[in-house]
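Novice: Line by line, the protein sequences are chains A and B. Heads up: the first sequence at position 101 corresponds to 100 in numbering that gives the first Met the number 0, and the numbers run straight through without jumps. Heads up: the second sequence at position 175 corresponds to 174 in numbering that gives the first Met the number 0, and the numbers run straight through without jumps.
These are computed hints drawn from the structure, not numbers from a lab. Careful: at least some of the hints might be erroneous.
[As the list claims (entries may be wrong)] Using 27 angstroms as the maximum straight-line C-alpha spacing, the simulated DSSO-like pairs for lysine-lysine come out as follows:
{"id": "1", "chain 1": "A", "residue 1": "K37", "chain 2": "B", "residue 2": "K16"}
{"id": "2", "chain 1": "B", "residue 1": "K37", "chain 2": "A", "residue 2": "K41"}
{"id": "3", "chain 1": "B", "residue 1": "K115", "chain 2": "B", "residue 2": "K16"}
{"id": "4", "chain 1": "A", "residue 1": "K16", "chain 2": "B", "residue 2": "K16"}
{"id": "5", "chain 1": "B", "residue 1": "K16", "chain 2": "A", "residue 2": "K260"}
{"id": "6", "chain 1": "A", "residue 1": "K41", "chain 2": "B", "residue 2": "K16"}
[Stated by the list, open to error] Stretch by stretch, here's where chain A covers chain B in the computed footprint (C-beta under 8 angstroms, at least three residues):
{"id": "7", "stretch": "12-18"}
{"id": "8", "stretch": "25-35"}
All figures in this text were calculated on a predicted structure; none of them were measured in a lab. Here a beta-carbon is modelled for each residue, glycine too, at the ideal position from N, C-alpha and C.
2 protein chains.
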Amino acid sequence: MRIHHECVACAINQCQKIVEMSLPGEEARRDAMLFSLKRASKLFSEDSIPAVVGGLLFLDLYEFIGNDDPFRDYKRLSNEIARRLVENYGDSDLRTSLKLAIAGNVVDFSTGYNPKRLEEDIKRVLMEELYVDHSGDLFDNLGHAEKLLYLVDNCGEIYFDRLFIEKLKDEFPNVEVFVAGKAGPIINDATVDDLIEAGFGELAEIISTGSRLPGTPIEHVSEEFLRVFHSADVIVAKGQANFETLSELNDSRIFFLLKAKCPAIAREIGVPIGSLLCLNQRLR
Amino acid sequence: MRIHHECVACAINQCQKIVEMSLPGEEARRDAMLFSLKRASKLFSEDSIPAVVGGLLFLDLYEFIGNDDPFRDYKRLSNEIARRLVENYGDSDLRTSLKLAIAGNVVDFSTGYNPKRLEEDIKRVLMEELYVDHSGDLFDNLGHAEKLLYLVDNCGEIYFDRLFIEKLKDEFPNVEVFVAGKAGPIINDATVDDLIEAGFGELAEIISTGSRLPGTPIEHVSEEFLRVFHSADVIVAKGQANFETLSELNDSRIFFLLKAKCPAIAREIGVPIGSLLCLNQRLR
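All chains should be modelled from the sequences, with the hints used to inform the complete structure.
Specialist: So, in structure tokens, the structure goes:
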């Protein structure tokens, strides 16, 4: 997916939030915003993938402001809240755990989400129908798959991913599961360390995408990651950034699980904003 | 006043609204936002006055999208609503008409204001106290002034300015009043044509700042305007852009009448966001 018109202001607004989280003084904030504007102007073009140029912009801004992980507290809070919350859903069936994994995708800094709203939002989202639902095909494909690659998105959300993977393992005990996190901190994305801390190691092989960029930008990931990517029979890709970075592959193995939270993603997929999706592009 | 850190994202967000108002197609919108980003990157520096760089950016964007007045409908609606509304306040005393002129400053596209809320907002604002109130000095100064220059801000708001000027003329019949509008359309600012249409010609001499830029940027206004500006005994400057462009003169003749609607203005003046102000910088 290439940028839509909203991606420009969205990236600059996220820079402002990062700057406000990291720098107390007005002069330093102003300089960091001028830096962001100039970097964005160099990075963004009509061919840009939003998660890639956004990620490159944020990493440059992290360096400028001297803070390698401005979202440390936000991520810790999201993880704590989700870890406690997911305990209420341990008895869920496979399909409910899939919906929970999509519902968990509400946690998203870029849309200004407050993780304290998570409990009520999860309950509400569970009442909604999926707007696109290819979960039947996902489960059919897993029935004769050997290897599942699960690409996580945000902190907090990962606790619902863990529950879903537990249920998948119960249902498809012969499938080998790989779970991929980011190589280092970027916005509120889950890193390899977050996956280890959340106990994914008991369920799956934890791997790194080899990149700090959001999503799974094939031109920036590691060789090692690519070997797993190419050998997987089924790929579950969580969240908007994974859709943005993988949609043009038009790969029949990929099932995108996400909430279409912004107008650009919703327009690109052709669904209403807020839609819950379990989407395989080849099945539409 | 020089830019604060919020001014960068605010300008880009306003560009997005302009683009969405003017262009229906996504590809054209995306190109216009990329243009805005690149222009803003060239224009903005730490020494920028927000109203000036914002105005230059918007005028360049108008040219890029081929629309010389994207706010035509917004301005017409604001004027219609305010024209009807002000009729309810014809009997106001001088001090109430001053508060109405400040209250009218809620009409502001840059903060996403919907002019349909005007009636209820005017009522609410009339109940509030001015946070800084130098109106006693304003009226004292007008008592021995010969020439008042009144710098208007937005469409809609100008109908409350007209009422205030009527009351000023009743109270200070010997003061000659000059009212200055913009030389051409820029966001929802009142132009000379808007002032003529609103009947200011019956009360005052209507003049042009000689510039389309918001506020009164002394380096961009006309010689003719400057002659009036320098010869005035008292200057009433409405709205944020006039504060931004004139604050560094630290001119004892200027009374700023505005609502501090954004965090940057509020921080610069040292008042809470939303404060109603009749401010003379030399009296603080």
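Novice: Given the hinted pair K37 (chain B) and K41 (chain A), is their alpha-carbon gap at most 27 angstroms?
Specialist: 8 angstroms, holds
Novice: Within a Cα-Cα threshold of 27 angstroms, do K16 (chain B) and K260 (chain A) meet the stated pairing?
Specialist: Distance of about 19 angstroms is within 27 angstroms: holds.
Novice: Next pair to validate is K41 (chain A) with K16 (chain B); report whether the Cα-Cα distance is within 27 angstroms.
Specialist: This hinted pair holds, its Cα atoms lying about 23 angstroms apart.
Novice: Has the stretch 12-18 of chain B got at least three residues whose CB is nearer than 8 angstroms to a CB belonging to chain A?
Specialist: Check passed, 4 qualifying residues.
Novice: Establish whether the coverage given for the stretch 25-35 of chain B by chain A is satisfied; the threshold is a Cβ-Cβ distance below 8 angstroms, and no fewer than three residues must meet it.
Specialist: Holds, because 8 residues of the stretch 25-35 of chain B bring their Cβ atoms closer than 8 angstroms to Cβ atoms of chain A.
Novice: Mind checking the alpha carbons of K16 (chain A) and K16 (chain B) for me, to see if they're no more than 27 angstroms apart?
Specialist: 20 angstroms, holds
Novice: Next pair to validate is K115 (chain B) with K16 (chain B); report whether the Cα-Cα distance is within 27 angstroms.
Specialist: 18 angstroms, holds
Novice: So if I understand the rule, the pair passes when the alpha-carbon distance is 27 angstroms or less; does K37 (chain A) with K16 (chain B) pass?
Specialist: 21 angstroms, holds
Hint check: no violations occur; every hint is consistent with the structure.
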